[in-house]
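Construct all of the structure, not just a fragment, from the sequences and the given hints.
Here are the chains, one letter per residue:
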Amino acid sequence: MAETPAKRKLPGSLEINRQLSQWLTINKDGSVDMRPGKIEIGQGILTAVRQIVAEELDVNIERVKVTAASTPTSPNEGTTSGSRSIEESGIAFRFAAAEARELLLARAGVKLGVSIEQLTVSDGVVKAPSGATVSYWDVTSDDLLQREATGEAKPKSHTQHKVVGTGAKRIDIPAKVLGKPVYVQDMETAGLVHARVVRPPSQFAELLSVDLDDVKKMPGVVAVVRDGRFLAVVAEREEQAIRAQARLKRNAKWKEVAQLPEFNPRYLLSRTPKTEVISEKKGDAPVKANEGKEFSAEYTRQFLAHASLAPSCAVARCDNGKYTVWTHSQSIYPLRVELAPALGVPEEDVVLHHMEGAGCYGQNAADFVATDAAVIARAVPGRTIRLQWMRDEEFQWEPFSSAMVVKTRATLSPDGHVSDWNMDIWSHGHGSRPGRTDGKSNLLAAWYVEKSLPRAPTGNPPLPGGGSHRNGLPIYDFANQRVSNHLIADQLLCVSSLRGLGSQTNVFAIECSLDEMALAANADPIAFRIRHLKDPRAVAVLEKVAQMAKWRPKEKGANNKARGVGFARYKNAAGYMAVIAEVELGEQLRVTKIWSAVDVGQIINTDGLTNQIEGGIVQAVSFVLKEEVKYDRVRITQESWDDYPILSFTEVPDVEVALINRPELPPVGAGEGTQGPVAAAIGNALFNAAGVRVRDMPITRERIVAAMA
Amino acid sequence: MEITVNGRTLNVMAEAETPLLYVLRNDAGCKGVRYGCGLGQCGACTVIIDGKPVQSCDVPVSAVAGKAITTVEGIGSEAKPHPLQAAFVEEQAAQCGYCVTGIIMSAKVLLDANPSPSDTEIKQALSKNLCRCGTHLRIVRAIKRAAAEMRS
Ligand code: FES
Ligand code: FES
Chain A
29 MAETPAKRKL
39 PGSLEINRQL
49 SQWLTINKDG
59 SVDMRPGKIE
69 IGQGILTAVR
79 QIVAEELDVN
89 IERVKVTAAS
99 TPTSPNEGTT
109 SGSRSIEESG
119 IAFRFAAAEA
129 RELLLARAGV
139 KLGVSIEQLT
149 VSDGVVKAPS
159 GATVSYWDVT
169 SDDLLQREAT
179 GEAKPKSHTQ
189 HKVVGTGAKR
199 IDIPAKVLGK
209 PVYVQDMETA
219 GLVHARVVRP
229 PSQFAELLSV
239 DLDDVKKMPG
249 VVAVVRDGRF
259 LAVVAEREEQ
269 AIRAQARLKR
279 NAKWKEVAQL
289 PEFNPRYLLS
299 RTPKTEVISE
309 KKGDAPVKAN
319 EGKEFSAEYT
329 RQFLAHASLA
339 PSCAVARCDN
349 GKYTVWTHSQ
359 SIYPLRVELA
369 PALGVPEEDV
379 VLHHMEGAGC
389 YGQNAADFVA
399 TDAAVIARAV
409 PGRTIRLQWM
419 RDEEFQWEPF
429 SSAMVVKTRA
439 TLSPDGHVSD
449 WNMDIWSHGH
459 GSRPGRTDGK
469 SNLLAAWYVE
479 KSLPRAPTGN
489 PPLPGGGSHR
499 NGLPIYDFAN
509 QRVSNHLIAD
519 QLLCVSSLRG
529 LGSQTNVFAI
539 ECSLDEMALA
549 ANADPIAFRI
559 RHLKDPRAVA
569 VLEKVAQMAK
579 WRPKEKGANN
589 KARGVGFARY
599 KNAAGYMAVI
609 AEVELGEQLR
619 VTKIWSAVDV
629 GQIINTDGLT
639 NQIEGGIVQA
649 VSFVLKEEVK
659 YDRVRITQES
669 WDDYPILSFT
679 EVPDVEVALI
689 NRPELPPVGA
699 GEGTQGPVAA
709 AIGNALFNAA
719 GVRVRDMPIT
729 RERIVAAMA
Chain B
12 MEITVNGRTL
22 NVMAEAETPL
32 LYVLRNDAGC
42 KGVRYGCGLG
52 QCGACTVIID
62 GKPVQSCDVP
72 VSAVAGKAIT
82 TVEGIGSEAK
92 PHPLQAAFVE
102 EQAAQCGYCV
112 TGIIMSAKVL
122 LDANPSPSDT
132 EIKQALSKNL
142 CRCGTHLRIV
152 RAIKRAAAEM
162 RS
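Those sequence lines, one after another, are chains A and B.
In terms of the numbering used here, the first sequence is numbered consecutively and its last residue is 737.
In terms of the numbering used here, the second sequence is numbered consecutively and its last residue is 163.
Think of the hints as simulated: they come from the structure by calculation, not from any bench.
Certain hints may be false.
Label-pair restraints from in silico Cβ distances [said to hold, decoys possible]:
| # | chain 1 | residue 1 | chain 2 | residue 2 | range |
| --- | --- | --- | --- | --- | --- |
| 1 | B | E26 | A | G410 | 26 to 34 Å |
| 2 | A | D660 | B | S163 | 36 to 44 Å |
| 3 | B | T20 | A | D671 | 34 to 42 Å |
| 4 | A | R175 | B | T20 | 53 to 61 Å |
| 5 | B | K91 | A | M246 | 40 to 48 Å |
| 6 | B | P126 | A | E90 | 46 to 54 Å |
| 7 | A | A96 | B | S163 | 36 to 44 Å |
| 8 | B | S127 | A | T634 | 24 to 32 Å |
| 9 | B | E132 | A | D466 | 34 to 42 Å |
| 10 | A | A96 | B | K91 | 23 to 31 Å |
We put the beta carbon where it would ideally sit given N, CA and C, even for glycine.
Here is the structure:
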């Protein structure tokens, strides 16, 4: 038998989806189909990858049609998260399209009787030096891309880019502003019925009794589902389902237990962690006792909610034991892996189609509602079930972002350098995405149905990206350092990933500590940071933001107004982000302006990138000033936007963003890098305004008052 | 019960206390009226009735019988978008876009009464609309652009 040669490594997601035809089809009718496995969540990713395809193929962007991800037809690109879509999907398309172009040119060359090097292309029309032309659409055929990618076709150099690096308009926005049915919430088919679930009043409650009969008799009710502790209603009309849900809720009697932690992130310190030293560096000059000044502090953050504007929704059908689910999950392939065993069927019997939902900023309840809908479809086969979670359900049952505690201890040497840095991070895991194959599950309903699956522990994506330890390693050059991560694997509140994961709290801790030491060293905070940075790109964003904001070295606040700095390189490997925040302390702490300088390597879509950064900044301000999940020892107590307020139109700061383009460097994602630097800049600005440090987030009026007392 | 949506009268078989939102979405087919909270807190479901912005999740259908209801579908189309819709595209004033239809309706009421609003007036007019994606600043810019367009 011939030996199979080792497969060569292919760029981005091409590595695991090696057939060119999985990605692209060049059609005879003059169009190009592209099938990303990544999904649109309002970040504009589909527009950006479309630009890349149009660029490499040399066709007008309007010719390129994007098909939404779907398990039967798309390449498996895992989860759309961690700002990795450009690195994975964008790069795969870049190489796939470059190779498709070569294949098309080879055919065109034969037709025109000239060698490839002599050909030029404009919008899919290939021209020989004689002026003779032939188009892609003439030479394409079904088998053109039925082959494995070689990864050898050379993409264009950035100097040739005409489409990439511009502000191409998003393809999805026109339909959205016209109010077209673009979200999974809007799906409509003949015979569609409406479902609602009835969850326990709290996670660990036992179902004592429930009366289904009078609910069954209500107008429009199609079915009342009871599967273990999982309860649901299905009705012809949506409002009928809502009324039936209310009745069933009253009919169910539960026994609750007080199992939630105390309403203070410091409870994490008393739980048994899995401890791991994630960085240890001993310089040539070990720190001597009593040389230099020591700084130590403790930073915390409460649980946060994704709080998508739309409660989660899914549509599902079960026909002869086979399932079809329409979902706004960020992970259709991994979800299928875990959904199939939860339903007790093989993976091939589950088909998932992605449809957009509202922005999710991480793992919200998308995967949960999809599972719920499938479980209901199993009980009501042959009907199309639309399940819409209600607002209170979303606020109580979405997976939250873990509370965190970070302790720092640092030494400032007499020459004004950080000579020793110690940091300890306590948190639950930040990754509970679906895709498990160990018989455990994170899909809410799977814990409650009759044939339940055990609840999976929480975990973290591994370093260097990391989860609770994301950005836990300072980017600065400190002579000695030791960082430990203490993972609390159990989940008392249900947790998963939210924009930035642990980076927000870690960067907050690092950057506030740095400001304190800069002050003690009588140094300007920006100059003090630069003193500890070797990377010119890091220095460049700091200098840029200082220039934008007309930062004055060692500037002080006045009249309760002041500014502060924050900086990080996301995941220590992706985008660089420097931020200056201006705050005003009145009745409340207000953030009035944010300046930000950003370097994410090559920019694919300038306007899309700015949009992402602006959005990230505004959301970060909301996190820092306002947000915390409310709970007592028994229940999650928040039910509405009154209980979980977010930044409103009248509170939004001005935002100014400067982009540093590095067309010669690979593009990296941008959506999540703002969280930490913004938090730190606000904390530091508050100190400059009021002379107090608030180290617990959210930075509320009560905490500021307490710190000033 | 009869209701009039975007100039079209339809007969609905819903109970009197049904929130208008569900009738608009499921009977009138106006999916641009979005469900965000059902509690009158987020503005995703905003429509215009008698020239005022109304959160359609928060009124029973029986209360609007005989009144003229305008939804986002009634103010513009692909071929002829409302200046606000055109301006939202021009300014790329959406991330997920879930909030924008409700916001466009609140903004329309504002611009109908005040053709040159200040930033503060725009923000005030949107005090009942939430956006979770942080698109606020672009949205304000888009409304100013639409106002200028409508004045000229
Ligand atoms: S859905 Fe009506 S205000 Fe939120
Ligand atoms: S654009 Fe997503 S909520 Fe406003």
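Violated hints, by number in ascending order, as checked against the structure: 2, 6, 9
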